[in-house]
Amino acid sequence: MSKGTIAGTEFEKPRGVSGVEVREGYAQVHVQNLSEPVAGNRLDALKLVSNADISLDFLKLTHKGLSFLVPEALADTAQECLQQSGAEVSVACGRSIVLVHAVNIREEEGLLARLVSIAIGEGVPVEHVADMHDRMLLVTDDASARRLAAAYEREFLGARK
Amino acid sequence: MKFGGTSVADDASRNRAASLVISAKEQGWRPVVVVSAIGRRGDPYATDTLLGMLRDIDADVAPDPREEDLMIACGEILSAAVFAQTLKTLGHASQAFRGGQAGIRTDGVYGNARIVSINPQLLLECMEAGSIPVVCGFQGTHVSRPGIPGGELTTLGRGGSDTTASAIAAAVGADMVEIYTDVDGVKTADPDFVPDAPTLRKVTYDEVAEIAHLGAKVVHPRAAEIAMKFGIPLWVKNTFSDEPGTEVVRREDFPGRRVTGVAHTGKLVYLQFDLADIPEERGYAIQARVYGLLARYGLNAYMMNHSRRGFGFALPKEHYPAAENLFDGLVLPVKGEPPSVFLLQIGEKPSKEAETQADLLQELGPAATVRIELTENCSIVSLVGHEYLQQPGVYLDVLETLHENQISVLQTSDSEFSLSCLVPEVDTERAVRLLHIRFGLSEAK
Chain A
0 MSKGTIAGTE FEKPRGVSGV EVREGYAQVH VQNLSEPVAG NRLDALKLVS NADISLDFLK
60 LTHKGLSFLV PEALADTAQE CLQQSGAEVS VACGRSIVLV HAVNIREEEG LLARLVSIAI
120 GEGVPVEHVA DMHDRMLLVT DDASARRLAA AYEREFLGAR K
Chain B
0 MKFGGTSVAD DASRNRAASL VISAKEQGWR PVVVVSAIGR RGDPYATDTL LGMLRDIDAD
60 VAPDPREEDL MIACGEILSA AVFAQTLKTL GHASQAFRGG QAGIRTDGVY GNARIVSINP
120 QLLLECMEAG SIPVVCGFQG THVSRPGIPG GELTTLGRGG SDTTASAIAA AVGADMVEIY
180 TDVDGVKTAD PDFVPDAPTL RKVTYDEVAE IAHLGAKVVH PRAAEIAMKF GIPLWVKNTF
240 SDEPGTEVVR REDFPGRRVT GVAHTGKLVY LQFDLADIPE ERGYAIQARV YGLLARYGLN
300 AYMMNHSRRG FGFALPKEHY PAAENLFDGL VLPVKGEPPS VFLLQIGEKP SKEAETQADL
360 LQELGPAATV RIELTENCSI VSLVGHEYLQ QPGVYLDVLE TLHENQISVL QTSDSEFSLS
420 CLVPEVDTER AVRLLHIRFG LSEAK
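Residue numbers (numbering that gives the first Met the number 0), protein chains in the order written: chain A, 0 to 160; chain B, 0 to 444.
Each hint should be verified, as a subset may be incorrect.
Derived DSSO-like pairs: lysine-lysine, alpha-carbon spacing no greater than 27 Å straight-line [to be verified]:
| id | chain 1 | residue 1 | chain 2 | residue 2 |
| --- | --- | --- | --- | --- |
| 1 | B | 201 | B | 216 |
| 2 | B | 216 | A | 12 |
| 3 | A | 63 | B | 348 |
| 4 | B | 348 | A | 12 |
Distance ranges between label pairs, derived from CB positions [claimed, not checked]:
| id | chain 1 | residue 1 | chain 2 | residue 2 | range |
| --- | --- | --- | --- | --- | --- |
| 5 | B | 59 | A | 22 | 45 to 55 Å |
| 6 | A | 35 | B | 348 | 23 to 33 Å |
| 7 | A | 124 | B | 335 | 32 to 42 Å |
| 8 | B | 308 | A | 157 | 29 to 39 Å |
| 9 | B | 348 | A | 145 | 38 to 48 Å |
| 10 | B | 362 | A | 72 | 24 to 34 Å |
| 11 | B | 280 | A | 72 | 33 to 43 Å |
| 12 | A | 154 | B | 251 | 29 to 39 Å |
| 13 | B | 51 | A | 70 | 14 to 24 Å |
| 14 | B | 66 | A | 72 | 50 to 60 Å |
Simulated from the structure, these hints should not be mistaken for laboratory data. These numbers come from a predicted model, not from an experiment. C-beta atoms are modelled at their ideal positions from N, C-alpha and C, and glycine is treated no differently.
Pulled out of the complex, with its shape left as it was, chain A reads as follows (with noise of 0.2 Å):
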């Protein structure tokens, strides 16, 4: 249904990485050797970080436990509250998040893989990885993230730069 006109006009975003960005300030939760069974455990251990009015990003689940980040303000918290089930708990400050972006990102073959790859390559400890339809999500250390940051710009962003 028309009533004008736009012509020669870009329509889509660019294909592949566009941007990347880090988001400091996270802890990775490691609730470590629960008892059996392990899956009712886990629930356990969420329960306690719920009742403590916590929220959690990045669940994972673990040979038996789980670990999760959070704002690095509630990392005691969030340990303490854990504790009090007898769990082995552990908790690693200075987390950040890297995220990669890219529109469509698993319908660029390989680009999800490649961008893992490239983590590995650069020595980067990767804690964790997802994505969502126009992003890549990786927490790693502080100062891995920025020096991850750093690789895919090289990688991806050098000519637009």
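The hints should help you fit chain B onto chain A, whose structure is shown.
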């Protein structure tokens, strides 16, 4: 007005779609029609059937993407010509246009081209003459350098006809885009799983993009993105009902809701690489090689997880044969002190390939085996929403709901807009239903 495959599948459907176009014209609009290929998977002129005609010539010789694009574009060309003729027989002048004739220029990536510009001159002339243009969805033309005759036909990839509709709408300055399909709009869950899943009256671009990303068959994010960029209202409607449909809007125009819906992606496998007995440094080198191979061969991994004990990811089942070819029996030499040769093995028992490689490596000394645990028949069930998902206790609610109903969660993943759980495929429908109930989505609007 874009009509999908089921809306143009047969005479009755096409006549219904044509009546909607004519009705719009009679109300004073000047409609531009975009059509998909006729029918769905398995139908004679559907994209996969046409592609099969090329691939079936010799299964061992893959066609070039250029010829694949030429072949599959025929589906939309047939459909557009038939639709234009249908309008003509109903008393309304109409002209069919290939993507290139409609002025759509793309980059040169066959099978997944992006639109770089549109010159809608011929469409505008057609409308000025009182005729209804019917444009082939999903295709455009790539002109590699000025002055060469013609151009290369390219296709736009998944959801390409939706993208065509939005882009044409932007180019001609349309008042709205209507995407017609065979459901009443964007629903809170797959109606095959949740028959009473309500149709959402409004969704934001981000919601619809994330739902599509996580497996729901709704309007393609590329189409929504173009409509948002140019400020054109976008509607998803049902060709076969009078329901009002779903309007896709900007986030700032809609306060949003706690949970948008439950999406699911099926037919996945999960590969877990066991590095528990491998020195840490070597473990990194193995990970780098594995991801490097995935990237080189264009395989995307989802639900990635990394820990000291190993790493894992999900792959679409259709990509598993390629991954199996790549990884089972793969020998990875890593610089440095022994162990420096690693042999990858899928499953507990070595395949013939892995066994043969192990025998051949004997002369170099024992190779360390990296076992890959294969979990077949998985799917991802995702709760989609915004901000609310990060509230304390939401993750717990999701996991508790599944746990209480004996659905095992193999892995989780989350982002700003979604919480996803990898579950056995056999439990997918139940998981979708349970989460739909738990989050009160039957009441969603």
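Comparing the hints with the structure gives:
no. : hint                        : result
1   : 201/B <-> 216/B             : 17 Å, holds
2   : 216/B <-> 12/A              : 22 Å, holds
3   : 63/A <-> 348/B              : 25 Å, holds
4   : 348/B <-> 12/A              : 47 Å, violated
5   : 59/B <-> 22/A: 45 to 55 Å   : 49 Å, holds
6   : 35/A <-> 348/B: 23 to 33 Å  : 27 Å, holds
7   : 124/A <-> 335/B: 32 to 42 Å : 19 Å, violated
8   : 308/B <-> 157/A: 29 to 39 Å : 36 Å, holds
9   : 348/B <-> 145/A: 38 to 48 Å : 45 Å, holds
10  : 362/B <-> 72/A: 24 to 34 Å  : 58 Å, violated
11  : 280/B <-> 72/A: 33 to 43 Å  : 34 Å, holds
12  : 154/A <-> 251/B: 29 to 39 Å : 33 Å, holds
13  : 51/B <-> 70/A: 14 to 24 Å   : 53 Å, violated
14  : 66/B <-> 72/A: 50 to 60 Å   : 58 Å, holds
In this structure, the hints that do not hold are numbers 4, 7, 10, 13, in rising order.
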